[in-house]
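Asks: What follows is the residue order along each chain.
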Amino acid sequence: MSEEESPAQRVAIGISFGNSYSSIAHTSGEGKAEVIANEEGDRQIPSILSYVDGEEFQGTQAKAQLVRNSKNTVAYFRDFLGQDFKSIDPTPCHQSAHPIQHDSTVAFKIKDTAEGAENTVTVSEITTRHIRRLKNSASDFMGKTVNAAVITVPTNFSDAQKEALTKAAKDAGVEVLQFIHEPVAAVLAYDARAEAEVADKIVVVADLGGIRSDVAVIASRGGMYSILATAHDYDVGGTQLDQVLMDHFAKEFIKKHKSGGDPRENDRSLAKLKLESEAVKKALSLGSSANFSVESLSNGLDFTSTINRTRYELLASKIFAAFTRLALHAVEKAQLDPLDVSEIILAGGTAHTPRIASALQSAFPESTTVLAPSTSPTALNPSELAARGAAIQASLIQEFEAEDIDQSTHPMVTVTPHLAHAVGVLCISGDPASGVFRPLVEAETPVPVRRSAVIATPREGGDVLIKICEGVREIKVTKPAPKPKPAKDEDEDDEDDEDDSEEEEEEIREKAWRVENVLAEAALKGLKKGAKVEVQVNVAADLSVQCFVREVGGKGGVRGGWSAPKPVENGSI
Amino acid sequence: PVLPEGWAAEKDFKAVGQLTHATDRNIEPVGPHFLAHARRKRHKRTFSEDDRI
Chain A
21 MSEEESPAQR VAIGISFGNS YSSIAHTSGE GKAEVIANEE GDRQIPSILS
71 YVDGEEFQGT QAKAQLVRNS KNTVAYFRDF LGQDFKSIDP TPCHQSAHPI
121 QHDSTVAFKI KDTAEGAENT VTVSEITTRH IRRLKNSASD FMGKTVNAAV
171 ITVPTNFSDA QKEALTKAAK DAGVEVLQFI HEPVAAVLAY DARAEAEVAD
221 KIVVVADLGG IRSDVAVIAS RGGMYSILAT AHDYDVGGTQ LDQVLMDHFA
271 KEFIKKHKSG GDPRENDRSL AKLKLESEAV KKALSLGSSA NFSVESLSNG
321 LDFTSTINRT RYELLASKIF AAFTRLALHA VEKAQLDPLD VSEIILAGGT
371 AHTPRIASAL QSAFPESTTV LAPSTSPTAL NPSELAARGA AIQASLIQEF
421 EAEDIDQSTH PMVTVTPHLA HAVGVLCISG DPASGVFRPL VEAETPVPVR
471 RSAVIATPRE GGDVLIKICE GVREIKVTKP APKPKPAKDE DEDDEDDEDD
521 SEEEEEEIRE KAWRVENVLA EAALKGLKKG AKVEVQVNVA ADLSVQCFVR
571 EVGGKGGVRG GWSAPKPVEN GSI
Chain B
672 PVLPEGWAAE KDFKAVGQLT HATDRNIEPV GPHFLAHARR KRHKRTFSED
722 DRI
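Just so you know, the protein sequences line up as chains A and B, in that order. Residues in the first sequence are numbered from 21 upward in steps of one, following our numbering. Residues in the second sequence are numbered from 672 upward in steps of one, following our numbering.
Simulated from the structure, these hints should not be mistaken for laboratory data. Cβ atoms here follow ideal geometry from the backbone N, Cα and C, with glycine treated the same way. Where hints are given, some of them may not hold.
Okay, derived cross-link-like pairs now, DSSO-like style, lysine-lysine, Cα gap no bigger than 30 Å in a straight line [claimed, not checked]:
hint	chain 1	residue 1	chain 2	residue 2
1	B	LYS715	A	LYS221
2	B	LYS712	A	LYS182
3	A	LYS190	A	LYS52
4	A	LYS549	B	LYS685
5	B	LYS685	A	LYS545
6	A	LYS221	A	LYS552
7	A	LYS129	A	LYS353
8	A	LYS52	A	LYS221
9	A	LYS353	A	LYS294
10	B	LYS712	A	LYS545
11	A	LYS106	A	LYS221
12	A	LYS106	A	LYS182
13	A	LYS548	B	LYS685
14	A	LYS294	A	LYS129
15	A	LYS164	A	LYS182
16	A	LYS338	A	LYS271
17	A	LYS276	A	LYS294
18	A	LYS164	A	LYS91
19	A	LYS552	B	LYS685
20	B	LYS712	A	LYS52
21	A	LYS52	A	LYS91
22	A	LYS302	A	LYS91
Interface residues of chain B toward chain A, partial, derived using beta-carbon atoms under 7 Å [stated by the list, open to error]:
hint	residue
23	LEU690
24	HIS704
25	LYS715
Please construct the entire structure, taking both the sequences and the accompanying hints into account.
Replies: Take a look at the structure:
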């Protein structure tokens, strides 16, 4: 057995590898995930590499080189990995080394040696160097050599991209145990906390990054996660917010110094403006005002200014609205209603912005919890979620053999039937029209599943009929009578203009259940006054169901079952 | 609901319908609950068998 591959010798960490920033995390002895700071003290490490006289700089040091040494600085390269040159968007790289075509992949021309000769370095080599540095930072912190990792990737990362990343990581001496999706890592980071309770809920993860934003709608069912829909937007992100501040300060500068020229027209001035604008943006997420100051911004003129949060929010309101629209669009894509969403997890660096959280909170019903530092005291740091989730997953699987991990993540295991409708009990009345449906197992729950609940019976006791049905969630829209307006079409949601949101305030939308299909009836006789009944439903992998009904504290009970729907039967009956 | 008069069934249980067809989706292979699910599925165990181990 080789030393490196034996599970006992494995030291695994979680890596969140982003276009703008990367993070590394490990799980401490008590099983708590912690994000590791690199030797510069950064927990969010800029994914940037820079070369000065053959010396390699990474992270914050490399980021500073964007001003003086932009041609030998590589940034925003994650999304280029495993891609064809024609399919990439090089826009984010305008202020650093430009991507060029090299064979079938993407490369950069940089002077990365002391001799100063220009070399062509492929994006996969850049990634290897970046991961090697991350690995070394983690190894230094933990005091043992890290040789394995769980890496987070976006939900639309192709197999070719994953393969390229596996190879790049392997060259850096890191065995990739598993790729996990960024939004799922964020949910896991929340669910793995000691105080968290595993529940059945619909979670929207809004991962707001630097040059892209991704939203995923996830059904969380008993701690298992299924992605229902995803939405990606490469036109809204932190860079757009930086741009707003850059334009604002550039205009102020021009007004103040007539001879200074436009700092946006000079590469170096622009780089300085961009770095400082990002710093101001971060300060505005924490404080209510921030200082902007750059030495020798343009034509040797220094520039100092301040901005308060209200002003910034006004300037950036269009972009904030775009984030909300993206989230609503993803919910619509999942064929759900905002009322179905119980939690919104804000992840990514841009999610620190307080205004984005409050805008989402007002776009979704009050029953939806927005987990962001400004709206929830229990929220985790949005920048750390992906790395934490990856670290938790790494600690779960690091003992496994590679073959075990492969087998467990195989589609044979992961592709599972999910219930189309909720299964529950009809309360109050036996007639579906007047009864109240209470869901036991929510729709989109993977089978097999077992759920039980305690329900109240008619006050007088006696003989009771338990009716098990399938229910469909409907949105009941009630409008105040005096103002008749044309009914709002669901399809209009994505062009959510101002008129629309005004309309929304007038009507009352609520969730209601409609009983679709009666599955079974069971009788419980001679119940005591005010007795409670426990109902347990067991759905097997073939969709056949066993259920069990009994009085709480009573003996016996009724047990029964029914078979799976016809076409999935395997002919054994 | 109160049991209607004259309702009778074998062992007090009557199956009326079946579940609507389910949709096949991918579960994310992440988290402790998934790993437990994968273990059950690979060894073809049921919940109660798994509890016993």
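Asks: Indicate, hint by hint, whether the structure satisfies it.
Replies: Here's how the hints hold up against the structure:
Our distance criterion of 30 Å between C-alpha atoms is met by LYS715(B) and LYS221(A), whose separation comes to about 27 Å. For the hint linking LYS712(B) to LYS182(A), the alpha-carbon distance of about 26 Å falls within 30 Å, and the restraint holds. With a C-alpha separation of about 27 Å, the suggested pairing of LYS190(A) with LYS52(A) holds against the 30 Å cut-off. For the given pair, LYS549(A) sits about 25 Å from LYS685(B) by alpha-carbon distance, which is consistent with the 30 Å threshold.
Proposed proximity of LYS685(B) and LYS545(A) is supported: the alpha carbons are some 15 Å apart, at most 30 Å. Between LYS221(A) and LYS552(A) the alpha-carbon distance is near 25 Å, which keeps this suggested pair within the 30 Å criterion. This hinted pair does not check out: LYS129(A) and LYS353(A) have alpha carbons roughly 41 Å apart, beyond 30 Å. With a C-alpha separation of about 24 Å, the suggested pairing of LYS52(A) with LYS221(A) holds against the 30 Å cut-off.
Between LYS353(A) and LYS294(A) the alpha-carbon distance is near 35 Å, which puts this suggested pair outside the 30 Å criterion. For the suggested pair LYS712(B) and LYS545(A), the alpha carbons sit about 38 Å apart, so the restraint of at most 30 Å is broken. For a cut-off of 30 Å, the pair hint linking LYS106(A) to LYS221(A) is broken: about 41 Å separates their Cα positions. At roughly 19 Å between alpha-carbon atoms, LYS106(A) and LYS182(A) fall within 30 Å of each other, so this suggested pair holds.
For the hint linking LYS548(A) to LYS685(B), the alpha-carbon distance of about 23 Å falls within 30 Å, and the restraint holds. A hinted pair counts as satisfied when its Cα atoms are at most 30 Å apart, and LYS294(A) with LYS129(A) qualifies at roughly 23 Å. Only pairs whose Cα atoms come within 30 Å are accepted, and LYS164(A) paired with LYS182(A) is accepted, the gap being roughly 27 Å. For the hint linking LYS338(A) to LYS271(A), the alpha-carbon distance of about 19 Å falls within 30 Å, and the restraint holds.
Distance check on the hinted pair: LYS276(A) and LYS294(A) sit about 19 Å apart at the alpha-carbon level, within 30 Å; holds. As the CA atoms of LYS164(A) and LYS91(A) are separated by approximately 36 Å, the hinted pair breaks the 30 Å bound. Straight-line distance between C-alpha atoms of LYS552(A) and LYS685(B) comes to about 21 Å, which keeps the hinted pair within the 30 Å bound. Taking the CA atoms of LYS712(B) and LYS52(A), the gap is about 28 Å. The hint holds against a cut of 30 Å.
Only pairs whose Cα atoms come within 30 Å are accepted, and LYS52(A) paired with LYS91(A) is rejected, the gap being roughly 41 Å. A threshold of 30 Å between alpha carbons decides the hint, and for LYS302(A) with LYS91(A) the separation of about 26 Å falls inside it, so the pair holds. Given hint, LEU690(B) at the interface with chain A, holds; its Cβ is 5 Å from that chain's nearest Cβ, closer than 7 Å. Taking 7 Å as the C-beta cut-off, the interface hint given for HIS704(B) holds, the closest approach to chain A being about 3 Å.
Because the beta carbon of LYS715(B) sits about 9 Å from the nearest beta carbon in chain A, more than 7 Å, this interface hint is broken.
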